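Given only the sequences and the hints, what does the whole structure look like? Please build it.
These protein sequences, in sequence, are chains C and G.
This note's numbering puts the first sequence at residues 5 to 354.
This note's numbering puts the second sequence at residues 1246 to 1856.
In case anyone wonders, no lab produced these hints; they're calculated from the structure.
Small disclaimer: the values here were computed from a predicted structure and weren't measured.
All C-beta atoms in this analysis are idealised placements derived from N, C-alpha and C, irrespective of residue type, glycine included.
Treat the hints with caution; some may be incorrect.
Cross-link-like lysine-lysine pairs, in silico, DSS-like; alpha carbons within 30 Å at most [unchecked claim]: (1) C:Lys348 <-> G:Lys1415; (2) G:Lys1417 <-> C:Lys348; (3) C:Lys19 <-> G:Lys1417; (4) G:Lys1349 <-> G:Lys1420; (5) C:Lys280 <-> C:Lys246; (6) G:Lys1688 <-> C:Lys19.
According to the in silico footprint, chain G covers these stretches of chain C (three or more CB under 8 Å from chain G) [claimed, not checked]: (7) 60-70; (8) 75-81; (9) 88-95; (10) 104-118; (11) 321-327.
Here are a few chain G residues that sit away from chain C, every Cβ distance over 10 Å (derived from the structure) [as the list claims (entries may be wrong)]: (12) Asp1255; (13) Ala1335; (14) Phe1356; (15) Glu1416; (16) Thr1435; (17) Gly1441; (18) Thr1472; (19) Ser1517; (20) Gly1519; (21) Gly1523; (22) Asn1527; (23) Ala1531; (24) Pro1567; (25) His1685; (26) Thr1792.
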Amino acid sequence: MSYLKPALKHPGLPKNKLGFTRRDYEGSISTLCAGCGHDSISASIIQSVWELGIEPHRVAKVSGIGCSSKTPDYFLSASHGFNSVHGRMPSVLTGANLANRELIYLGVSGDGDSASIGIGQFAHLMRRGVNMTYIVENNGVYGLTKGQFSATSDKGSKAKKGAINTDEPIDLVAMALQLGATYVGRSFSGDKTQLVPLIMGALSHQGVALIDCISPCVAFNNHEGSTKSYDYVREHNESVNKLDVILGRAPITAEYAPGEVTEVAQHDGSVLRLRKLHEDYDPTDRVAAMNYLARHKAMGEIVTGLLFVDPDPEDLHASLGTVATPLNQLNDDVLVPGAAALEKLNAALR
Amino acid sequence: MPQPLSATNDFVVKFANVNGSGSASANQLFAKSILRMGIPIASRNIFPSNIQGLPTWFEVRVSGEGHLGRRGGVDMMVAMNPQTWDRDVAEIDVGGYLFYDSTKPMPKSKFRDDITVIGVPLTELVNAAYSVARERQLFKNIIYLGALSALLSIDPAVIEQLLAEQYKGKEKLAKSNQEAFHMGRNWAATNLPPIGLKLEKADKVGNRIYIEGNAAAGLGAVYGGATVCAWYPITPSTSLAEGFEKYAKRFRTNKDGTKNYAIVQAEDELASIGIVIGAGWNGARAFTATSGPGISLMQEFVGLSYFAEVPAVIFDVQRAGPSTGMPTRTQQSDVISAAYASHGDTKHLVLFPEDPRECFEFGAAAFDIADRFQSTVFVLLDLDIGMNDWLCEPFAWDDSKRMDRGKVMTAEMLEAGREFGRYLDVDGDGVPFRTYPGTHPSKGAFFTRGTSRDRYAKYSESGAVYVDNMERLLRKFETAKEYVPHPVEKKASRTTPYGVIYYGSSSAAMQEALVALQADGVQLDAMRVRAFPFHNDIQRFIDEHDTVFVVEQNRDAQLRTLLMNECNTDPAKLVAVLHFDGTPITARFIREAIGRKASSVEVVPLRKATP
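Take a look at the structure:
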């Protein structure tokens, strides 16, 4: 069931550059379990869009099926949303993006939706470089059907009813890196200070941005023996950097030692300022990122942070050479060649 | 030896070739030269699922009377493929002609004595004139074209003109082709006696055009304002997406090189239809082209389009069978899987074009219909229409026509205070208003999902709310009956208790069969169904007759099943006439099948009844 929230707002709520409060970016009340990681991600999305000062109706939210895919109803109610079919958010979002390149596209999916049934569409969207933010709310379990392993469950991880997972997990971050995604990050729903700037950077990124967000399932995957529980993730989280998204090229104010900070200017004018937490980590080197990831996975660590960013991404529209005007705004004059052209064609077919 | 066949402007020539040998171009020239002489033809490729090496046939029916269906039977076989020699020779009608390459002697047992054998030493001729292997292979085809032109009295000036057009800007190639053509023509004129099959200039073609249905449908999509095409290659639909690309490139490229369209070759059919639905949701006209196996894969998404009410256009170029075996053979076997695609209670809009002209017309109209009804529209072609060049009426367009984007609420309307409920039936026709994403800062946004929502798109699992919506969807479907192309009716010359219903590519053969059946004394009122949902005229037509034959190209009488489901009629009244061997239906088949069944329901042929 959905509930309407009271329209009454506290007059003192902080406003963004457009004069909107965070309340203007909220959605219906969540129907997920109390304590679900997904709700924290929704809150982080609201915070990110608000901080970026994006008009809510300029965002299009698309999801597949599952607990994660229900969440677009719980944020940005002034945006159009599309709860499509299981595992097929990538294709629906690709089509939406082709129709109107001016909106900001946010795809929300889960580990079942993206790594199992939707692995093919996930992979091909990454290859095509659709300009979007792709958030996987990854809890390693099927929640709505009550506790089956998903394809991101770690080998050896224990299910609530005691079964041990024997299959190798799919690491969507590693796949995205290999398939050409131009902004790849991993985070944890319980770490808002890391997640919010990651989402902000992704929304500002002009190519395909993947955020794999580990999001514990309090109902079916938060027990001893699970590798996607709050405790386990906190214990094994290795953040490679700390990201600040600087809007409008604000000067560096804090003092950093040389080599401590990397700045990546994005096409929309935002600057990603990355404070290194690991000395040898270069977030603009794709191959190094893949190696680092593999090495640290072997050590049992969950690597988080902004793992890779291409400051100069190309998107699907660039590859296709589509016109700058959104295709859904082209009228008859542009689209229909007319009777005279048809008569010429007829003549050539005789 | 029986009398050799003698006919002017009325015979069938079949070319037996090896796939990939370059014969298609020569065969096309042959077909087109007859058209240029003002004589109607119907041409068909019969080809394997293969690029090089396997047998392929090209059949040209010359019909001064203008019959465009497949006739059946072969009057002259141009046997260029040793692999299929025996069956090709066997297929020739008694008294017919066998044209072959006589360079290598063949035992007498390889021939028949009830046909006329015409040997031309093609290999010898080509080897004497050319030394490069590929040239030898290609020019051999042009040489047999030359020889045939002499035998059948094709005007050489017409072929010269066609070669000049084909190789415009490549004069050297045009010249060498013309030399090869005349080499064959001169050899035949000097060495062969005249035969009974002849072409004579006529004026029966008029301003008609000659094109394949897939290209016509692709062009229709351009004129229909489609901007997004997502597809996955599958025979026999591939040339439809390619046709769209060709025409879009020509008509929709801006001066700076940017494109007013987007084409994505997707990873599979699921992604294709997903992209189409995403684009449709966001206000672009979008389509995919596929065949039966693709339709099977798209089922879930088609249901979503029905319930979420998102426009989409699917061109289904029907073929036989799943997997391997019959992908290059024609059928009308996706009627049910299109009309009732997906899980849950669903029904879809389906159009049945009869020829390339209607492929263009319906190909454009499908986008208006999809937008108007916010649902999937299937355009059901088949391999016969899609991949063969057909002689048809020229394409026509009314420049005053504008795209019908259906009920779209704009920012101005919302600003003016119009009430917006995404699934609210404001006009009583079952069709609600929609908004495109990003329309207005505070009004008109909604959350799209499947069935569980109320009139204002709010989530609901209430049974009453669900039923309310399902009933509105039925009202919408009812409204569509008048909007989709109406059936075309053709009355018999006198009152008759017998009717026939047919659709799609069966049309040409049916027209011819109607004439023949009338000559046999079988009077039939005919109705060509052009769309689903069925217009009320179809119910009336069934009611008006005691027996209605339903002619179709599938095993299970799929349109008949649909008629039984959707119309109020006694199933016994609907008599199935079914052709499903993968070859196009023929007038001979229909005439024979209806003639037999008509007598079994005690039709008294008029010729016998009247003294």
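Now for the hints, and whether the structure bears them out:
Distance check on the hinted pair: lysine 348 of chain C and lysine 1415 of chain G sit about 22 Å apart at the alpha-carbon level, within 30 Å; holds. Taking the CA atoms of lysine 1417 of chain G and lysine 348 of chain C, the gap is about 27 Å. The hint holds against a cut of 30 Å. For the given pair, lysine 19 of chain C sits about 75 Å from lysine 1417 of chain G by alpha-carbon distance, which is inconsistent with the 30 Å threshold. A C-alpha spacing of about 29 Å is found between lysine 1349 of chain G and lysine 1420 of chain G, which places the hinted pair at or below 30 Å, so the restraint holds.
Using a Cα cut-off of 30 Å, the hinted pair lysine 280 of chain C and lysine 246 of chain C holds, with the two alpha carbons roughly 6 Å apart. At most 30 Å may separate the alpha-carbon atoms for a hinted pair to count; lysine 1688 of chain G and lysine 19 of chain C meet this at roughly 21 Å. With 5 residues carrying a beta carbon less than 8 Å from a beta carbon of chain G, the segment 60-70 of chain C meets the three-residue requirement, and the given coverage holds. For the segment 75-81 of chain C, the proposed coverage by chain G is satisfied: 3 residues have a C-beta within less than 8 Å of a C-beta in that chain, meeting the threshold of three.
Residues of the segment 88-95 of chain C lying with their CB closer than 8 Å to a CB of chain G number 5, which satisfies the three-residue condition for coverage. Proximity of the segment 104-118 of chain C to chain G, defined as three or more residues with a beta carbon under 8 Å from a beta carbon of that chain, is established by the 3 residues found. With 5 residues carrying a beta carbon less than 8 Å from a beta carbon of chain G, the segment 321-327 of chain C meets the three-residue requirement, and the given coverage holds. Here aspartate 1255 of chain G stays apart from chain C, with its beta-carbon at least about 22 Å from theirs, past the 10 Å limit.
In this structure alanine 1335 of chain G is separated from chain C by more than 10 Å, as the shortest Cβ-Cβ distance comes to about 36 Å. With a cut of 10 Å on Cβ distances, phenylalanine 1356 of chain G stays outside the contact zone with chain C, its closest approach being about 39 Å. For glutamate 1416 of chain G, the requirement that its beta carbon stay farther than 10 Å from each beta carbon of chain C is met, with the minimum near 20 Å. For threonine 1435 of chain G, the requirement that its beta carbon stay farther than 10 Å from each beta carbon of chain C is met, with the minimum near 33 Å.
With 10 Å as the threshold on Cβ separation, the claim that glycine 1441 of chain G sits away from chain C holds: the shortest Cβ distance comes to roughly 29 Å. Distance to chain C contradicts threonine 1472 of chain G as a non-interface residue, since its nearest Cβ pair spans about 4 Å, not more than 10 Å. With a minimum CB-CB distance of about 8 Å to chain C, serine 1517 of chain G fails to clear the 10 Å threshold, and the non-interface call is violated. In this structure glycine 1519 of chain G is not separated from chain C by more than 10 Å, as the shortest Cβ-Cβ distance comes to only about 3 Å.
Its closest Cβ contact with chain C, about 3 Å, brings glycine 1523 of chain G to no more than 10 Å, contrary to its assignment away from the interface. Distance to chain C contradicts asparagine 1527 of chain G as a non-interface residue, since its nearest Cβ pair spans about 4 Å, not more than 10 Å. With a minimum CB-CB distance of about 6 Å to chain C, alanine 1531 of chain G fails to clear the 10 Å threshold, and the non-interface call is violated. With a closest Cβ-Cβ approach of about 20 Å to chain C, proline 1567 of chain G is found to remain outside the 10 Å limit, as its non-interface label requires.
Not every Cβ of chain C is farther than 10 Å from the Cβ of histidine 1685 of chain G; the closest lies at roughly 6 Å, contradicting the non-interface assignment. Every C-beta of chain C lies more than 10 Å from that of threonine 1792 of chain G, the closest at about 40 Å, which supports listing it as non-interface.
The structure fails to meet hints 3, 18, 19, 20, 21, 22, 23, 25 from the earlier list, while all remaining hints are met.
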